[in-house]
Amino acid sequence: MHEKFETHEHDVLIIGAGGAGLRAAIEALGHGARVGVVCKSLLGKAHTVMAEGGIAAAMANVDTADDWRTHFRDTMRGGKFLNNWHMARIHAQESPDRVRELEQWGALFDRTSSGDILQRAFGGHTYKRLCHVGDRTGLEMIRTLQDRGVHLGIDVFMECAITKLLKDGDRVSGALGYWRETGRFVVFKAKAIVVATGGIGKAWRITSNSWEYTGDGMALAYDAGAELMDMEFVQFHPTGMVWPPGVQGILVTEAVRGEGGILRNKDGERFMERYDPEKMELSTRDVVARAIYTEAREGRGTEHGGAYLDISHKPAEYVKKKLPSMYHQFRELADVDITQGPMEVGPTCHYMMGGIRVDAETAQSTVPGLFAAGEAAAGLHGANRLGGNSLSDLLVFGRRAGSAAAEHANGSGPVEVDAQQVLEGTRELLAPFESDGDNPYQVHRELEETMQNYVGIFRNEEDLQKGLGEIEHLNERAARVRVEGSRLFNPGWHLGRDLKSMLTVSKAVALSAAARKESRGAHSRIDHPNYDETWAKQHNIIAREGDQMTLKQLPVMEMPADLKEIVYG
Amino acid sequence: MADATFRIFRGDRLKGEFVEYQVPVAPGMVVLDALHYVQGHQAPDLAVRWNCKAGKCGSCSAEVNGRPRLTCKTRLDSLPINEPIVVQPIKSFPIIKDLVTDVSWNYKVNKKIPPFTPRPNVTWKMDQRDVDRVQEFRKCIECFLCQNVCHVLRDHERHEQFGGPRFFVRVAGLEMHPLDGVSRTKLLKDELGVGYCNITKCCSEVCPEDIHITDNAIIPLKERVVDDYYDPVRWFLRKLRGKD
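So the protein sequences, as listed, match chains X and R.
Per our numbering, the very first residue in the first sequence carries number 2; after that it's consecutive.
Per our numbering, the very first residue in the second sequence carries number 793; after that it's consecutive.
Note that these hints are calculated values from the structure, not bench results.
Some clues are possibly wrong.
[As the list claims (entries may be wrong)] No farther apart than 30 angstroms at their CA atoms in a straight line, the calculated lysine-lysine pairs in the BS3-like style are these:
#	chain 1	residue 1	chain 2	residue 2
1	X	K129	X	K5
2	R	K917	X	K129
3	X	K280	X	K267
4	R	K981	R	K1014
5	X	K165	X	K129
6	R	K917	X	K322
7	X	K129	R	K931
8	X	K315	R	K931
9	R	K865	X	K322
10	X	K321	R	K931
11	X	K321	R	K993
12	X	K467	X	K553
13	X	K315	R	K917
14	R	K931	R	K1031
15	X	K267	R	K978
16	X	K322	R	K1014
17	X	K322	R	K931
18	X	K321	R	K917
19	R	K900	R	K883
20	R	K807	X	K5
21	R	K865	X	K315
22	R	K993	X	K322
23	R	K865	X	K321
24	R	K1031	R	K904
25	R	K900	X	K5
26	R	K931	R	K900
27	R	K904	R	K931
[Said to hold, decoys possible] Covered, in the sense of this in silico footprint (three residues per stretch, anywhere, with C-beta under 8 angstroms from a C-beta of chain X), are these stretches of chain R:
#	region
28	809–822
29	833–839
30	895–903
31	920–930
32	977–985
Cβ atoms here follow ideal geometry from the backbone N, Cα and C, with glycine treated the same way.
Just chain X, with the same shape it has in the complex (with noise of 0.2 angstroms):
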């Protein structure tokens, strides 16, 4: 098989190029590993560099009160308890030293006058704690993580896709994996593998998501025999564009609203007022999703169906210079100038809070040697993420993954590629060729109209039972997808078996869904609008059994009291 396939080995093997993955590569180096780094698309090209608002860090270089202690409380109050509290606590009290290493390594963020990071406020978050680089911090921070790893000499396997863990007993042994340009077969000999793969935006057809984001860490770890934890608790940010039609979906940052922005429904009402009065538009991002969703459906949306977002009280100069990105969005896309006008803004599917459940300290998941951090895994956000709570998490769980794989590696034997697995991993990415079924394409519209009407921002038991159905019969006509052209860079093959991971990781969404008969941050339930006792300490585990997906209840892990004073007291 060796002589057959394209081999690599290496001690630790990363998925995934985005923020997670190069501070895992980075760490791992460190340690003394030897470290490859695969991604979908070019490096730098990653979700992260389209992170806008900020890095949220209690560095209290604007708001002197601030300390790990508050933005521990918003994060667990954000995330309704629902959180790993273990992780939050490490997340609020590593992320201003993950900024500061940023910092060190390049990174020019925004100044206060006294030469300081800058801090801006965001949605849930007490005090004023995004550290930030106008409105483009993800490009900061990606650029960053790339130079520093290049130079420190990770292996970059670029616009290479994953397709299969391989085992060697109960312990991960490497990946499958093709070439996007040649469509030629890669395997990769690692005794650590760290899954960073990002979310699964592209299953609902609005989205901020770009088509990389397809669930295949998730689906991955699944299929090798790791648990998905909170797969129900998915974020539809609240503002993305609405109009013209091509743009639909596309982020608009927080950062509007955190730099003041108002939200207006059509008769020129406040409406923030109703939902949350104390917080308005700063609230966290699962109530004001809702409010503008429910302002439309009740008749009160503007003329393409969503909410008026305006900054232009602000002076021009102003917004141009700390919105810079958004400035040019409307000018370019939508013929909206921000400075003199609103923005017409509505939910997108943003971000996944559920995802590979891991130890706390070590990101390690339940399968020995497979590790995951970032968006692919859960437990930090609960069931809400804060703004800006993202690329802390990248960082410090990017980092902490990075080690705990690089010690696993160095602590442990060599391992072995079977390849058997290897084989049959192949035969079914050929499959597609021989097929005459559908046009991947159509697919996939019809998941995303699935997900989007079924599973989305306000569910019910009768929608979620029609979007099982419906994802079971897409399973169906997935796996016998045809395939047009030939194996060199050919998106309609790629497509194909992304459709694999989607359906995978959605049917998780729906599944749990459908378990939580309550209502709690991102997961509205219209028949079951309020929280209940019992589910406030349950998590829903998706597992593996055979080729059943099984779905349990985990008990939230009880806090300890001095933590619990932070977040009651």
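Chain X is fixed; fit chain R onto it per the hints.
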């Protein structure tokens, strides 16, 4: 609404041709929307790179009616829609397939550039004005449109001796970082060949981020090279110290 005709390059390194596709036009539509339509309905194997669809990632570069553009920001209503719209890959790099080119050379150039290296015992305080000056360079989304139009690469193919505008911007962002402590002028002179640039400003014209590549990055870097290597006093001092 009416249809638009697209003439899209289909082919690989060895051969290729322009193929026509009819695409229904929607309000506010951009060229990338049309490419996606073709992919989703007529040619599922059409190779095209894209990610953010909002001008932030720099993946979807191509030449539209001969102009280097991000297809996600090129509105159909800015083009003569009654004529076929021609879409072809950027030219400075080898074609892989259809609109996808092999840009790996850029990543090799980047590896040559010494990373940010703080001055010893530096205090991590910076003035916003100093930061502003550098942030212009750090806006670069690596779409490589500047590399595509640069004569030194496009016409003279000096990929071995020249770094191209993208990497002058990158070096400028490091050299002018308020706390950086290493010099990259030798690299600029010897390996990135900044001297080959004859400041025609083609790169600045196509930059979707409006970075003033020539005025704010390349010219100041050329001046630094001149100061370090062609200033007679410094030349003499260098000889005296035995450095090249």
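Hints, verified against the model:
no.: 1; hint: X:K129 / X:K5; verdict: violated, 56 angstroms
no.: 2; hint: R:K917 / X:K129; verdict: holds, 19 angstroms
no.: 3; hint: X:K280 / X:K267; verdict: holds, 21 angstroms
no.: 4; hint: R:K981 / R:K1014; verdict: holds, 9 angstroms
no.: 5; hint: X:K165 / X:K129; verdict: violated, 43 angstroms
no.: 6; hint: R:K917 / X:K322; verdict: holds, 21 angstroms
no.: 7; hint: X:K129 / R:K931; verdict: holds, 24 angstroms
no.: 8; hint: X:K315 / R:K931; verdict: holds, 24 angstroms
no.: 9; hint: R:K865 / X:K322; verdict: holds, 21 angstroms
no.: 10; hint: X:K321 / R:K931; verdict: holds, 14 angstroms
no.: 11; hint: X:K321 / R:K993; verdict: holds, 25 angstroms
no.: 12; hint: X:K467 / X:K553; verdict: holds, 21 angstroms
no.: 13; hint: X:K315 / R:K917; verdict: holds, 28 angstroms
no.: 14; hint: R:K931 / R:K1031; verdict: violated, 39 angstroms
no.: 15; hint: X:K267 / R:K978; verdict: violated, 60 angstroms
no.: 16; hint: X:K322 / R:K1014; verdict: holds, 29 angstroms
no.: 17; hint: X:K322 / R:K931; verdict: holds, 13 angstroms
no.: 18; hint: X:K321 / R:K917; verdict: holds, 25 angstroms
no.: 19; hint: R:K900 / R:K883; verdict: holds, 18 angstroms
no.: 20; hint: R:K807 / X:K5; verdict: holds, 29 angstroms
no.: 21; hint: R:K865 / X:K315; verdict: holds, 26 angstroms
no.: 22; hint: R:K993 / X:K322; verdict: holds, 25 angstroms
no.: 23; hint: R:K865 / X:K321; verdict: holds, 19 angstroms
no.: 24; hint: R:K1031 / R:K904; verdict: holds, 26 angstroms
no.: 25; hint: R:K900 / X:K5; verdict: holds, 28 angstroms
no.: 26; hint: R:K931 / R:K900; verdict: holds, 20 angstroms
no.: 27; hint: R:K904 / R:K931; verdict: holds, 21 angstroms
no.: 28; hint: 809–822; verdict: holds (count 5)
no.: 29; hint: 833–839; verdict: holds (count 6)
no.: 30; hint: 895–903; verdict: holds (count 5)
no.: 31; hint: 920–930; verdict: holds (count 5)
no.: 32; hint: 977–985; verdict: violated (count 0)
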